[in-house]
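Model the full structure from these sequences, guided by the hints.
Those protein sequences? They're chains A and B, same order as listed. Under this note's numbering, read the first sequence as residues 1 to 347, first letter to last. Under this note's numbering, read the second sequence as residues 348 to 783, first letter to last.
Since the hints were made in silico from the structure, they are not lab data. Fair warning: there could be bad hints in the mix.
[To be verified] Per label pair, the in silico range of CB-to-CB distance:
1. A/148 - B/781: 32 to 42 Å
2. A/159 - B/487: 44 to 54 Å
3. B/766 - A/172: 18 to 28 Å
Keep in mind it's a predicted model, so treat the numbers as computed, not measured. C-beta: ideal position from N, C-alpha, C; glycine also.
What follows is the residue order along each chain.
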Amino acid sequence: MADEATARRGGTASTATPNPTEAAGSTQVLPAAPARAGRRGTRPGLRKGLEIAFFVTPALVVFLGFVVWPVVKAIQYSLYNWRGYGPMVDFVGLKNFTYVLGNTVFQGALSHNLIIMVLSIAIQLPLGLGIALLLNRKIRGRNLLRTLVFVPWVLSEVVTGVIWRQMLQADYGLLDTLLGSIGIPTPQQGFLGDTSYALAAVMVVLTWKYLGLAIVLFLAGLAGVPEELNEAAQIDGASWWQIQRRVTIPLLGPTVRTWIFLSMIGSIQVFDMVWILTGGGPAESTNTMATFLYSWGVDRNLIGVASAASVILFVIALVFALTYQRLVLRRDAIDYVPRKARKAATR
Amino acid sequence: MARMRARAGAAVVLGVSVAMLLAACGGDSDNGSEGTDEPSAGSGDEAVTITWWHNSNTDPGMGYYQQVADDYMAENPNVTIEIEAMAHEDMVTQLEAAFQSGNMPDIYMERGGGELRQHVEAGLTKDISDLAADTISTIGGSVAGWQVDGKTYGLPFSMGVVGFWYNTQIWADNGVEPPATWDDFYAAIDTLKANGVAPLSVGAADQWPLAHYYYYFALRECAQDTVVNGLAEFDFSDECWNTAASDLKAFVDSQPFNDGFLATVAQEGATSASGLLANGQVSAEMQGHWEPGVMQGLNDGTPVENIDWFPFPAVEGGAGDPAAAIGGGDAWAASADAPDEAVDFMMYLLSDEVQIGFAELNMGLPTNPAASGSVADPALASLLEFRDASPFIQLYFDTALGTNVGNAMNAAVVNVFAGADPATIVADTQAAAELE
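Below, the structure written as structure tokens:
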């Protein structure tokens with residue numbers, strides 16, 4: 001469990017890091033600034049520093065205790081062959097890491113994570129964008145529709161998982177009953193029990209659950225697109241479709257890029273829905289990295305191996321997050337200057 | 348490894364709150380144990396407090412154990428027994444935490460095998476070979492699952508075996524009888540399927556119910572020594588382990604199970620494997636001795652009617668004894684620093700008198716032969732008869748192998764049911780053993 005928590009915090013760690021360092025930096029800079037004040041000396045600076053320390057310390061303590069410390073412990077566990085009880089003495093170096101990386105179940109889990117990531121974006125982006133654009137038009141019952149679309153995301157993951165598992169059950173499930181009554185054959189093992197359908201079934205449920213978030217974020221982004229631009233384009237004779245394509249969607253860029261970031265990190269860490277729907281089965285066909293480290297750590301008591309898996313998961317999530325921030329999200333920063341423009345300026 | 352002995356869950360909240368209350372007092376009990384260095388075995392004068400965790404958290408079991416403890420305390424005024432009765436799953440979780448923190452109860456439930464070996468290797472469990480020698484000889488062969496390197500660490504108080512529970516009404520209606528051999532069984536399965544009845548249910552989502560089939564095929568195909576040594580040494584080189592996998596594959600290919608069995612859970616809800624048998628949706632299920640109790644729980648607390656039991660059929664040409672069985676049970680074990688009085692009380696729990704009362708209340712299948720005749724339920728009594736006549740009871744392979752290798756074997760068995768090559772069972776199990 002601890003490993004999962006550690007791994008999950010991996011994503012937040014990357015986004016949360018700037019704040020403490022920023023704060024720490026400013027405490028050092030500030031006392032030097034009022035040197036010219038002479039008579040009053042360092043007092044206001046000291047006071048400000050203390051103030052900052054006072055307000056930052058609780059958050060910093062929580063961050064160190066519940067993010068940094070577990071990460072450090074997980075790295076320590078990952079270097080030992082340890083079962084969770086008794087003294088931790090059997091140091092094995094990087095053996096756990098080579099085991100995890102060479103394990104076909106883990107490789108499968110990693111590929112499932114990547115499939116979920118790519119499909120989430122490939123399916124939810126056009127679908128979410130389309131629905132958001134439609135819901136942005138002035139139609140009757142717009143608020144009701146917006147609420148309905150958002151409902152799946154509000155449901156708890158466990159509730160969603162249990163409901164869908166019931167519906168997808170072989171023979172007795174709602175879907176099998178419906179399809180059977182109109183003569184469409186269903187897999188004998190049910191959608192969740194058949195290795196060739198299980199991941200797709202999980203994907204359907206994930207899409208159903210998370211599409212609402214994409215739509216709400218896109219609607220919020222659309223609200224920020226100035227009406228005048230639409231009007232100007234209309235006056236120039238642009239069709240509705242042309243306006244969306246040339247004006248609205250480009251202006252939605254920052255929102256879309258942020259959503260892709262959230263979706264990516266969520267896909268790497270996905271655990272609860274898969275765990276409830278299939279438990280990683282049948283025959284390991286829906287395992288993700290998080291379910292892998294849970295079964296190896298909790299069911300098999302291989303804390304060392306599970307910690308190694310959690311460290312790998314953490315590193316993957318971190319690399320994805322940092323790369324994406326550097327390559328994509330940087331464009332959305334206020335002071336961003338494209339490279340071409342910079343070159344032109346220096347010339 | 349959630350091999351549940353489903354007990355009525357109504358008292359879960361009570362159990363947890365009691366557990367939390369008592370956890371606060373738990374630290375004190377250790378002080379009592381420190382003063383008893385001499386092997387006084389219950390006859391000393393110094394005050395001793397013993398903590399005891401068990402999973403009979405509903406009556407009549409809970410009241411019975413309290414009575415047993417009161418009786419013992421009356422005989423031994425220097426001993427105080429503090430009981431924590433928890434729901435089974437709560438107890439397992441709390442025990443795992445207790446193992447990790449080292450703050451353990453003096454007497455706890457131990458499932459034996461590789462799990463016990465891990466506890467012994469971590470120095471958590473007390474060697475009771477000499478202190479409880481008399482009781483160990485009374486119990487006889489059942490104690491083997493709780494021995495590590497020739498030393499005994501637990502006293503099994505309930506042992507059952509796995510077999511087929513079937514709906515006598517459905518079987519009679521279709522003109523089939525409990526089979527003695529696999530040929531008979533295949534014929535019965537064909538007849539049932541031809542009549543539109545799903546022969547068997549299995550909770551493959553939980554893995555272990557399905558893995559039991561492989562355990563049994565291996566037990567029938569392999570000689571006793573091959574099984575015992577193979578599980579102890581992680582040596583699956585004998586060809587019989589693969590023959591068993593092929594038998595399993597042939598069985599899977601005959602399609603005897605409920606639709607969607609790979610996503611079916613073992614014991615929770617009406618569409619679980621046990622629920623399907625309780626509702627008459629399938630004709631039989633292979634499960635442990637807890638099955639009548641589980642079905643009763645799924646049937647609003649009333650016992651399911653027309654249910655009987657038959658053992659796993661003989662496999663032609665197999666080197667194993669057709670009367671051997673896969674089974675397991677629960678034992679009382681003492682933590683490493685428990686006082687000797689705790690062991691004395693454990694011996695009292697295995698005495699004729701306490702075990703007879705235990706059997707009469709259908710709390711389990713007693714291990715003390717003196718109590719064998721006292722089991723009230725007829726199906727359980729027939730199972731007990733088979734168990735006592737069995738020349739060899741092999742502990743569930745996953746428990747015997749320990750959590751790591753055991754779970755790897757179970758997962759590999761499920762893979763075969765989903766279409767993998769049967770040889771992967773041995774290969775995957777052996778690969779997991781390399782981490783030991």
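Here is how each hint holds up against the structure:
1. A hinted range of 32 to 42 Å for the beta carbons of residue 148 of chain A and residue 781 of chain B is inconsistent with their spacing of about 53 Å.
2. Distance hint for residue 159 of chain A and residue 487 of chain B: a CB-CB separation of about 51 Å, consistent with the stated range 44 to 54 Å.
3. At about 24 Å, the CB distance of residue 766 of chain B to residue 172 of chain A agrees with the hint of 18 to 28 Å.
Going through the hint list in order, the structure does not satisfy hint 1, though it satisfies all others.
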